[in-house]
Amino acid sequence: MTTTHPTRYRAAAAASGTVKYVSLVIGALVTLIPLSVLFIASFKTSSEFGQTGPFDLPANWFNLDNYIEAFNKGGMVEGFLNTTIILLFSLAGTIVIGTMAAYAIDRFQFRGKRLVVALFLIATLIPGVTSQVATFQIINGLGLYNSMAALILLFMGTDIVSIYIFIQFMQSIPTSIDEAAMLDGANRWTIYWRVILPLLRPAIATVVIVKGIAIYNEFYLPFLYWPSEGVISTSLFRFKGPFGAHWETIAAGTVLVIVPTLIAFVLLQRFIYRGLATGAVK
Amino acid sequence: MVAITSTPPRTPRRRGRRGPSGVPAGRGAVARLTPYLFLLAAVGLLLLLTYLPAANMLWYSLTDWDGLDLEKEFVGVDNYVEVFTNPQIFAVFGVSLYYFAGSFLQMGIALYFAALLSYRTRFSNLFRGILFFPYLINGVAIGFVFLYLFQPGGTLDTVLGWFGLADPPKWLGDPAIANYSLAATSVWRYTGLNFVLFLGAIQSIPGELYEAAEIDGANRWQQFWALTFPGIRRIIGLSFILAIAGSLSVFEIPFIMTGGANGTSTFVIQTLQTAFNFRQVGLASAMAIVLLAIVLVVTFVQRKLFPDEKVDLT
Chain A
1 MTTTHPTRYR AAAAASGTVK YVSLVIGALV TLIPLSVLFI ASFKTSSEFG QTGPFDLPAN
61 WFNLDNYIEA FNKGGMVEGF LNTTIILLFS LAGTIVIGTM AAYAIDRFQF RGKRLVVALF
121 LIATLIPGVT SQVATFQIIN GLGLYNSMAA LILLFMGTDI VSIYIFIQFM QSIPTSIDEA
181 AMLDGANRWT IYWRVILPLL RPAIATVVIV KGIAIYNEFY LPFLYWPSEG VISTSLFRFK
241 GPFGAHWETI AAGTVLVIVP TLIAFVLLQR FIYRGLATGA VK
Chain B
1 MVAITSTPPR TPRRRGRRGP SGVPAGRGAV ARLTPYLFLL AAVGLLLLLT YLPAANMLWY
61 SLTDWDGLDL EKEFVGVDNY VEVFTNPQIF AVFGVSLYYF AGSFLQMGIA LYFAALLSYR
121 TRFSNLFRGI LFFPYLINGV AIGFVFLYLF QPGGTLDTVL GWFGLADPPK WLGDPAIANY
181 SLAATSVWRY TGLNFVLFLG AIQSIPGELY EAAEIDGANR WQQFWALTFP GIRRIIGLSF
241 ILAIAGSLSV FEIPFIMTGG ANGTSTFVIQ TLQTAFNFRQ VGLASAMAIV LLAIVLVVTF
301 VQRKLFPDEK VDLT
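As they're listed, the protein sequences go chains A and B. First residue of the first sequence? That's 1 in our numbering, and the numbers climb one at a time after it. First residue of the second sequence? That's 1 in our numbering, and the numbers climb one at a time after it.
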C-alpha cells in the first residue's frame with residue numbers, strides 16, 4: 001500500500017520522526033533538569049541563592065565554597081573514605097566467598113547440594129529491609145553494632161545474586177579444563193585458585209560493578225548499624241539537619257555523591273547494562 | 001542484548017569424577033569434604049544473617065518482646081491480630097497503591113522509549129544513557145534532588161509558571177498530594193531499568209521479521225502490536241510482578257524525603273519505626289512476617305505464570 005503512495009508515506013515517516021525526536025528530547029529534559037538545577041545551585045553563594053530563581057545561572061561558575069563547606073563540615077571526606085574501605089573489603093570478601101560457593105555448586109556432586117541451592121534461592125525472596133528487625137539482634141549479639149565490620153559482614157553475607165552470576169558464568173567454562181589440570185596432578189584447591197578464578201575474571205568484573213554500585217548507594221544498613229560515623233549515603237543524609245536552610249551546600253554535597261556514579265557509568269557503560277539487568281531480574 | 005529464554009537444557013557433560021581416577025588413593029575423606037569446605041563461608045553467612053534472623057523473627061512475632069528485656073513473654077497470635085485489626089498499621093498498605101499505579105506509568109514510559117530507540121536513531125546511545133542514568137544514582141541524592149525540585153517556589157513551580165499555572169499546591173506538604181509526588185519520584189528513578197530491559201528484549205527480536213512486515217505493508221503501529229509486543233510480553237509480565245512486590249516494600253524515597261510524614265508512611269517504614277523507635281520488636285516482627293508472606297505469595301504466582309523465566313544477557 002505504502003509503495004503506491006510514496007509521498008504520503010514519506011510525509012508520515014517524517015512526521016513520526018519528528019514525534020520521535022521530540023519525545024526523546026522531552027524524556028532527556030525531564031531526566032536532566034532536576035539534576036541540572038541542583039548543579040546550578042551548587043555554585044551560588046548563599047545570598048545569591050536567595051535572590052535568584054532555580055534556572056538563573058550562577059554569577060561565578062568557579063565559586064567552590066559550597067563544595068569546600070560540604071567536604072569540611074558535612075563529613076564528606078569521612079564518608080568517601082569509609083565507603084571506599086567498605087567497598088574494598090566487601091567486594092574482596094564477596095568475590096572469594098561467592099566464587100568458592102559457585103565452584104562447589106557447579107563442579108561437585110555432593111550430598112545436600114539440592115538443599116544448599118534451595119536455601120540460596122529461597123533467601124532471595126526474604127525482603128532485605130524488614131528482616132533487619134531480627135538481623136539487628138544478631139549483629140548486636142556479635143558485638144558489632146556501631147562498627148564498620150557490621151556493614152562489611154552484611155554486604156559479604158547477604159549476596160546471592162553474585163553467586164548466581166558466578167555459577168552462570170562457570171557453566172560456560174568447560175570441565176575438560178578441570179580434568180586436564182587434575183591429570184597434571186593439581187588438587188581441587190589449586191584448580192580453583194589457579195584455573196577457575198582467573199577464568200572467572202569477566203564475571204568478577206560484573207559482580208564488582210553491580211555490587212559496587214549497590215554498596216555505594218546503600219542507605220539503610222549504614223543508617224541503622226553505624227550511627228556514629230558516616231558512609232557516603234548517611235553523610236549526605238545528615239545534611240538535612242545543619243544545612244536545612246542552605247540548599248546551595250546540600251546541592252554541592254549531592255553533586256559530589258552523583259559525580260563518581262556518573263564517571264563510573266560513562267567509563268563502564270557496557271558492563272553496567274549487562275550486569276544490572278542480570279542482577280535486577282535474578 | 002537481552003534474550004528471553006526458558007532455561008536451556010543443560011547439555012550433559014562430563015563431571016570431574018571423584019572416583020579413583022580423579023583423587024589419589026587415601027584421600028577419600030578429604031575429597032568428600034572438599035565441596036563442603038568450599039561452601040562453608042557462604043552457607044555459614046547465609047544461615048547466620050538470613051535464616052537465623054528469619055527464624056528468630058518468627059519466634060519474636062509470637063512474643064511481646066521490646067528488644068531489650070531478657071524475658072520474652074509468649075503472647076500467641078496477638079501481634080498478628082493487631083497487624084490486621086489496627087487500622088493504623090494495615091491501612092498503610094493503601095499508600096502502596098500510589099506506587100503501584102506509578103509503576104504502570106513507569107512501564108508505559110519505558111516501553112514507549114524502548115520502542116522508539118529500537119529503530120535506528122541518531123544519538124541513540126546518548127539517549128539510552130540519559131534515560132537509564134537515574135537508576136544508578138544514590139537514593140539519598142535522588143531524595144535531595146526532588147526535595148529541591150518540589151520546594152515551594154522551586155524548580156517545578158517555576159516551570160509550571162512558564163505555562164501559566166500559578167498557585168501550585170505544596171507538593172510534599174499537602175497530604176493529599178505528597179504521595180503522588182513521591183510516587184512520581186519513584187517513577188523517575190526506576191523507569192530507566194524497565195526501559196533498558198524492554199529495549200534489550202525488543203532488540204533480540206530478529207530484524208528480518210520487521211523487514212517482512214514492511215514488505216507486507218504493515219505500518220509502525222501494526223508492527224509494534226504484531227511483532228514487538230508478543231516478543232516482550234514475558235518481560236512485561238515479569239516487570240509487572242516485580243512492580244507489585246516493589247510497591248509493597250517501598251522504603252527509601254519516602255523515608256529520605258518526608259520521613260513518613262504527611263500520610264506518606266509505608267508498611268516498611270512503619271515496621272522499622274515500630275521496632276527501632278517504639279521498641280515493639282514483637283509487633284514489628286509480625287509485620288515483617290506478614291510482608292514476607294505476601295511477597296512469597298506474589299512470587300509463587302509469578303513462578304506459576306512464568307515458569308523458568310530467565311533473562312539471559314550476553
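Please note that a few of the clues may not be correct.
Stated by the list, open to error - Using 30 angstroms as the maximum straight-line C-alpha spacing, the simulated DSS-like pairs for lysine-lysine come out as follows: (1) A:K73 - A:K240; (2) B:K170 - A:K240; (3) A:K113 - B:K304.
In case anyone wonders, no lab produced these hints; they're calculated from the structure. Bear in mind the structure is a predicted one, so any value in this text is a computation, not a measurement.
Outcome of the hint check:
With a C-alpha separation of about 13 angstroms, the suggested pairing of K73 of chain A with K240 of chain A holds against the 30 angstroms cut-off. With a C-alpha separation of about 19 angstroms, the suggested pairing of K170 of chain B with K240 of chain A holds against the 30 angstroms cut-off. The suggested pairing of K113 of chain A with K304 of chain B holds, with an alpha-carbon distance near 24 angstroms, which does not exceed 30 angstroms.
Checked against the numbered hints above, the structure violates none of them.
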